[in-house]
Amino acid sequence: GDSVTQMEGPVTLSEEAFLTINCTYTATGYPSLFWYVQYPGEGLQLLLKATKADDKGSNKGFEATYRKETTSFHLEKGSVQVSDSAVYFCALSDRMAGANNLFFGTGTRLTVIP
Amino acid sequence: DVKVTQSSRYLVKRTGEKVFLECVQDMDHENMFWYRQDPGLGLRLIYFSYDVKMKEKGDIPEGYSVSREKKERFSLILESASTNQTSMYLCASRLGASGGQDYNEQFFGPGTRLTVL
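Residue numbers (this note's numbering), protein chains in the order written: chain A, 5 to 118; chain B, 368 to 484.
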């Protein structure tokens with residue numbers, strides 16, 4: 005079945021450091037891939053998405069490239085800020101497999117210190 | 368912008384009480400979802416509704432029921448709350464099968480943190 009494996013946290017970085025959060029997936033069809041972010045006390049917000057192989061999603065300085073050959077969708081940011089402190093979830097949706105929901109990773113908590 | 372609202376941000380109930388969690392979306396989305404979020408487990412799907420009066424069980428439906436009488440509203444019901452249902456509950460909506468490339472994107476509400484004593 006479909007699944008998402010996400011880098012375990014927590015991750016603590018200094019401001020302006022480079023961020024990578026790894027995400028790999030297993031899917032039976034042709035999934036769309038997502039990164040969601042959850043700020044403290046809030047619900048999930050879509051951060052970025054990619055719907056086919058080699059697509060790059062980007063938003064707020066974050067990027068992730070859909071790599072079919074390595075079944076990966078790693079999240080990166082060149083210079084993190086304190087305001088990026090949140091929990092990040094990788095997710096996939098596989099319409100071709102008839103899936104009706106998103107498959108989520110377990111989340112990675114990022115803390116950025118000044 | 369799509370807006371998904373949930374009736375309460377925080378809720379405290381006692382064991383055995385009947386609990387209603389309400390979710391409303393304002394973008395005429397066909398599909399709606401209820402998840403629970405627990406530390407180390409990520410999000411798990413409780414129930415899914417693909418249209419009015421239509422529902423499907425998710426991964427963890429035991430102890431829960433749902434109601435979708437109107438397109439914009441999806442309710443989660445705990446018939447007899449138990450302490451192991453203490454969690455964060457998240458509602459989401461999605462355009463539906465006619466949405467093309469946007470079909471897969473789900474929009475989330477702010478969540479309801481439920482504590483059962």
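Please note that a few of the clues may not be correct.
To be verified - Keeping only pairs whose Cα atoms sit at most 30 Å apart, straight-line, the calculated DSSO-like set for lysine-lysine is:
hint, chain 1, residue 1, chain 2, residue 2
1, B, 422, A, 60
2, B, 370, A, 56
3, B, 422, B, 385
4, A, 81, B, 438
5, A, 72, A, 56
6, B, 438, B, 422
7, A, 56, B, 385
To be verified - Where chain A lies over chain B, by a calculated footprint (3+ residues, C-beta under 8 Å):
hint, region
8, 382-394
9, 447-454
These are calculated hints, taken from the structure and not from any lab test.
Cβ coordinates follow ideal geometry from the N, Cα and C atoms, glycine included.
Straight-line alpha-carbon gap residue 56 of chain A to residue 385 of chain B, limit 30 Å: Distance of about 44 Å is beyond 30 Å: violated.
Assertion that chain A covers the region 382-394 of chain B - criterion: three or more residues, beta-carbon distance below 8 Å: Answer violated; 0 residues pass the 8 Å Cβ test.
Restraint status (C-alpha distance of residue 422 of chain B to residue 385 of chain B at most 30 Å): Answer holds: residue 422 of chain B to residue 385 of chain B is near 20 Å, not above 30 Å.
Hint consistency between residue 81 of chain A and residue 438 of chain B [alpha-carbon to alpha-carbon, up to 30 Å]: Violated, at roughly 39 Å.
Verdict on chain A covering the region 447-454 of chain B, where coverage means 3 or more residues with a C-beta closer than 8 Å: violated (count 0)
Hinted pair residue 422 of chain B and residue 60 of chain A, Cα distance within 30 Å: Measuring from Cα to Cα gives roughly 34 Å; hence the hint is violated.
Pairwise hint evaluation, residue 56 of chain A against residue 72 of chain A, where the allowed Cα distance is 30 Å at most: holds (9 Å)
Pair hint outcome, residue 438 of chain B versus residue 422 of chain B [Cα-Cα no greater than 30 Å]: Holds - the C-alpha atoms of residue 422 of chain B and residue 438 of chain B are around 12 Å apart, at most 30 Å.
Hinted pair residue 370 of chain B and residue 56 of chain A, Cα distance within 30 Å: holds (27 Å)
Of the hints listed earlier, those the structure fails to meet are numbers 1, 4, 7, 8 and 9, in rising order.
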